[in-house]
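Enquirer: Chains as they are written, first to last, in this note's numbering: chain A, 1162 to 1475; chain B, 53 to 311.
Treat the hints with care, since some could be wrong.
Claimed, not checked - Residues on chain B that point at chain A, a partial pick, calculated with CB under 8 Å: (1) Thr-84; (2) Ala-181; (3) Phe-231; (4) Tyr-256.
Unchecked claim - Under the rule of at most 25 Å between Cα atoms (straight-line distance), these lysine-lysine pairs were calculated in the PhoX-like manner: (5) A/Lys-1456 to A/Lys-1417; (6) B/Lys-96 to B/Lys-114; (7) B/Lys-75 to B/Lys-204; (8) A/Lys-1457 to A/Lys-1417; (9) A/Lys-1259 to A/Lys-1462; (10) B/Lys-205 to B/Lys-75; (11) A/Lys-1259 to A/Lys-1310; (12) A/Lys-1448 to A/Lys-1462; (13) B/Lys-96 to A/Lys-1290; (14) A/Lys-1417 to B/Lys-309; (15) A/Lys-1254 to B/Lys-175; (16) A/Lys-1296 to B/Lys-56; (17) B/Lys-205 to A/Lys-1310; (18) B/Lys-175 to A/Lys-1301; (19) A/Lys-1207 to B/Lys-175; (20) B/Lys-210 to A/Lys-1290; (21) B/Lys-114 to B/Lys-194; (22) A/Lys-1462 to B/Lys-114; (23) B/Lys-210 to B/Lys-175; (24) A/Lys-1464 to B/Lys-270; (25) B/Lys-228 to A/Lys-1310; (26) A/Lys-1430 to A/Lys-1259; (27) B/Lys-205 to A/Lys-1296; (28) B/Lys-270 to B/Lys-96; (29) A/Lys-1171 to A/Lys-1464; (30) B/Lys-96 to B/Lys-194; (31) B/Lys-175 to A/Lys-1259; (32) B/Lys-228 to A/Lys-1290; (33) A/Lys-1290 to B/Lys-175; (34) B/Lys-56 to B/Lys-79; (35) B/Lys-205 to A/Lys-1254; (36) B/Lys-210 to A/Lys-1296; (37) B/Lys-56 to B/Lys-309; (38) B/Lys-228 to A/Lys-1307; (39) A/Lys-1448 to A/Lys-1464; (40) B/Lys-204 to B/Lys-270.
FYI, nobody ran anything at the bench for these hints, they're computed from the structure.
Just so you know, even glycine gets a beta-carbon here, dropped at the ideal spot from N, CA and C.
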Amino acid sequence: MNMSKIMTAKEAVSKFIADGMTIAIGSFFHTIAYDITHEIIRQGKKHLTICAPSFNEHADQMIGAGCIDRIESSYVWMEVFGPLYCFRRAMEKGIPHKIEMEDYTNFTMMARLLAGALGLPYVPVNSMKGSDMMKYSSWKGENKVKLLKDPFGSGIEHALVPALKPDIGYIHAQRSDEEGNFQMWGILGDAPFSMRACKQVIVSVEEIVSRDVIGRDPNRTVLPGYKVAAVVESPFGSHPKNCQGYYGVDRDFISKYIQESRTEEGWKKFMDEWVYGVEDRTEYLKKYIDTFGMKKFMSLKAKDMSSGSVNYGF
Amino acid sequence: MTDKYNDFTLQELMAVAAAREIKDGEKVIIGTGLPLLGAFLAQKTHAPNMMAIYESGAIDCKPMVTPFSVADAVLVPGAAMQGGLIEGLGIVHNGELDVGFLGGAQIDKYGNLNAHVIGDYYKPEVRFAGSGGSNDIGSGCKRTIVMMLHQKKRFPEKVDFVTTPGYLGGGRQREKMGFPGGGPSVVVSTLGILRFHRDTKEMYLESYHPGVTIEQIKANTGWDLLVADNVKETERPSSELIRILREELDPTGVFLKKK
């Protein structure tokens, strides 16, 4: 089969992401698809449920833009950089509208995705029991988590968490072929299971390579292409987050977002400039270089620390 | 003798106190900020065989520069293994790790931590990040080291929301739950070092930081804090440890904000 799935972010989002969907946004602080996220915001998608073990500013931007109704996650924050203000405004004050969060833990979100990827209805975990996450549910009620005494006789009670099978997932990766066999390296985060749990996947990549390049190192493939609906070529698609081997994290830009989003007005100004005011990732990058200079842009580029290759011979 | 490392800041004292909690050869899951400096300080001094693990799936990291984040790209080259969350937290969940670092918005008398909300869960006055890996680390690691800003509102008798169980209601309550991990062993706060009573599991003051009084600590704690009979001043860091922190681990002052 040789069927090209290459398209623009604009085409992929308009074709495959519908209002009201449950969407897994893949990766963990690394290779997060900001290109797809920004396109969802520009196309004004509504009533989405987003899920991932942990979320950063990409979720915050979608919340501020009014795309999100519900979040299934363990974490919405930006680590040492500080809080995410749209998330806090929505949770504390209902701005721009009230959102709900179903709170799990990082590992239990992974366990739910693993169950989703393997076709298991639920999975027992050692986490969560004894915590107030067992007592409070936002919309799942009794189906958020249950306690079950080990039927195999250990005498221990475990929390059972339900499988998560999102309608669609999207993620950024280093490379893919045109069929969507995509490869990642560095911090895999919630991949591969977050994407394997989804019914279909949009992947944005630094480079599109031939099927032959993928086949020379198949252990690195995250997901076979048959589950991939669209492949988007998007250099720096994860900016301001990093992409191992391509570019580093842009701490100044993350701090800028967090500073400016402290007020609704500041947030709107940032978004008008960097999301609504640009047509696509190419324009975004051009704007970045125009604003901060080529020297700053080049300083983000990764050093060469290539691995040795292995022999797949037989 | 004039030594520019004789002086130390509160943050440096806390990083050194955290480092002292780690034994050589232990497997430690590390967060960012002070825990990270504490753990790497231990590795550079008395615990060269400590294994540094991050929830992002970086295992046995030997970073060339101090990482800024639990998912920093510098963790990857040189690691013994790089996976994802299922690898990083899977070994925590399986009870294989010795030490985990925790923090939060509140901690109570029995070491329960809150990282979710101040006020009502459904109508929070302040909403925080949520558990992230905190609950997993608290449930799975053999022991945990908690680092806290010591203020009355952050040390209530009972937390507003239990994100990560400590000893729950005290006594044997935690033990009965059958967690793989054993619970918090120490709280390194901005005012002192606190531990948990062997039987009741109630938090008590072990030592007060230089310049801090016991009265001050009690006034900043939301219940009648127990004080050890042999309470003493927290051991001051040696100038060599301060030198390593400043010159080797945080030369640009990212974590130990330079005044």
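Enquirer: Hint by hint, say whether it matches the structure.
Expert: Taking the hints in turn, this is what the structure says about them:
Here the hint on B/Thr-84 is kept, as its CB sits about 5 Å from the closest CB of chain A, short of 8 Å. The beta carbon of B/Ala-181 is positioned within 8 Å of a beta carbon in chain A (closest approach about 3 Å), and the interface hint is therefore held. About 6 Å separates the beta-carbon of B/Phe-231 from the nearest beta-carbon of chain A, less than 8 Å, and the hint is met. Taking 8 Å as the C-beta contact cut-off toward chain A, the hint placing B/Tyr-256 at the interface is violated, the least distance being around 22 Å.
A threshold of 25 Å between alpha carbons decides the hint, and for A/Lys-1456 with A/Lys-1417 the separation of about 18 Å falls inside it, so the pair holds. With a C-alpha separation of about 11 Å, the suggested pairing of B/Lys-96 with B/Lys-114 holds against the 25 Å cut-off. The suggested pairing of B/Lys-75 with B/Lys-204 is violated, with an alpha-carbon distance near 31 Å, which exceeds 25 Å. In summary, the hint linking A/Lys-1457 to A/Lys-1417 is supported, as the alpha carbons are separated by about 15 Å, within the 25 Å threshold.
A threshold of 25 Å between alpha carbons decides the hint, and for A/Lys-1259 with A/Lys-1462 the separation of about 39 Å lies outside it, so the pair is violated. Of the supplied pair hints, the one linking B/Lys-205 and B/Lys-75 is violated, its CA atoms being roughly 32 Å apart against a limit of 25 Å. With a CA separation close to 36 Å, the supplied pair A/Lys-1259 and A/Lys-1310 exceeds the 25 Å bound. As the CA atoms of A/Lys-1448 and A/Lys-1462 are separated by approximately 17 Å, the hinted pair is consistent with the 25 Å bound.
With a CA separation close to 36 Å, the supplied pair B/Lys-96 and A/Lys-1290 exceeds the 25 Å bound. As the CA atoms of A/Lys-1417 and B/Lys-309 are separated by approximately 19 Å, the hinted pair is consistent with the 25 Å bound. Taking the CA atoms of A/Lys-1254 and B/Lys-175, the gap is near 8 Å; set against the 25 Å cutoff, the hint holds. At roughly 53 Å between alpha-carbon atoms, A/Lys-1296 and B/Lys-56 are farther apart than 25 Å, so this suggested pair is violated.
Restraint check for B/Lys-205 and A/Lys-1310: the C-alpha separation of about 37 Å exceeds 25 Å, so the hint is violated. With a C-alpha separation of about 18 Å, the suggested pairing of B/Lys-175 with A/Lys-1301 holds against the 25 Å cut-off. Restraint check for A/Lys-1207 and B/Lys-175: the C-alpha separation of about 23 Å stays at or below 25 Å, so the hint holds. Distance restraint check for B/Lys-210 and A/Lys-1290: the Cα-Cα separation of roughly 18 Å lies within the 25 Å cut-off, and the hinted pair is therefore satisfied.
A threshold of 25 Å between alpha carbons decides the hint, and for B/Lys-114 with B/Lys-194 the separation of about 23 Å falls inside it, so the pair holds. Distance restraint check for A/Lys-1462 and B/Lys-114: the Cα-Cα separation of roughly 22 Å lies within the 25 Å cut-off, and the hinted pair is therefore satisfied. For the proposed pair B/Lys-210 and B/Lys-175, the alpha carbon gap of about 19 Å is at most 25 Å, so the pair holds. Between the alpha carbons of A/Lys-1464 and B/Lys-270 the distance comes to roughly 51 Å, so the proposed pair goes past 25 Å and is violated.
The straight-line distance between the Cα atoms of B/Lys-228 and A/Lys-1310 is roughly 13 Å, inside the 25 Å bound, and the hint therefore holds. Annotation: proposed proximity of A/Lys-1430 to A/Lys-1259 holds, straight-line Cα distance about 22 Å (limit 25 Å). Taking the CA atoms of B/Lys-205 and A/Lys-1296, the gap is about 23 Å. The hint holds against a cut of 25 Å. This hinted pair does not check out: B/Lys-270 and B/Lys-96 have alpha carbons roughly 35 Å apart, beyond 25 Å.
With a CA separation close to 31 Å, the supplied pair A/Lys-1171 and A/Lys-1464 exceeds the 25 Å bound. Of the supplied pair hints, the one linking B/Lys-96 and B/Lys-194 holds, its CA atoms being roughly 23 Å apart against a limit of 25 Å. The hinted pair formed by B/Lys-175 and A/Lys-1259 meets the criterion: a straight-line CA distance of about 10 Å does not exceed 25 Å. Straight-line distance between C-alpha atoms of B/Lys-228 and A/Lys-1290 comes to about 12 Å, which keeps the hinted pair within the 25 Å bound.
Between the alpha carbons of A/Lys-1290 and B/Lys-175 the distance comes to roughly 23 Å, so the proposed pair stays at or under 25 Å and holds. Taking the CA atoms of B/Lys-56 and B/Lys-79, the gap is about 33 Å. The hint is violated against a cut of 25 Å. At roughly 22 Å between alpha-carbon atoms, B/Lys-205 and A/Lys-1254 fall within 25 Å of each other, so this suggested pair holds. Among the hinted pairs, B/Lys-210 with A/Lys-1296 is consistent with the structure: their alpha-carbon atoms are about 16 Å apart, no more than 25 Å.
Between the alpha carbons of B/Lys-56 and B/Lys-309 the distance comes to roughly 17 Å, so the proposed pair stays at or under 25 Å and holds. Of the pairs offered as hints, the one joining B/Lys-228 and A/Lys-1307 holds, with about 18 Å between alpha carbons and a cut-off of 25 Å not exceeded. For the hint linking A/Lys-1448 to A/Lys-1464, the alpha-carbon distance of about 24 Å falls within 25 Å, and the restraint holds. For the hint pairing B/Lys-204 with B/Lys-270, the CA-to-CA distance comes to about 9 Å; that is within 25 Å, so the pair holds.
The structure is inconsistent with the numbered hints 4, 7, 9, 10, 11, 13, 16, 17, 24, 28, 29 and 34, although it conforms to all the rest.
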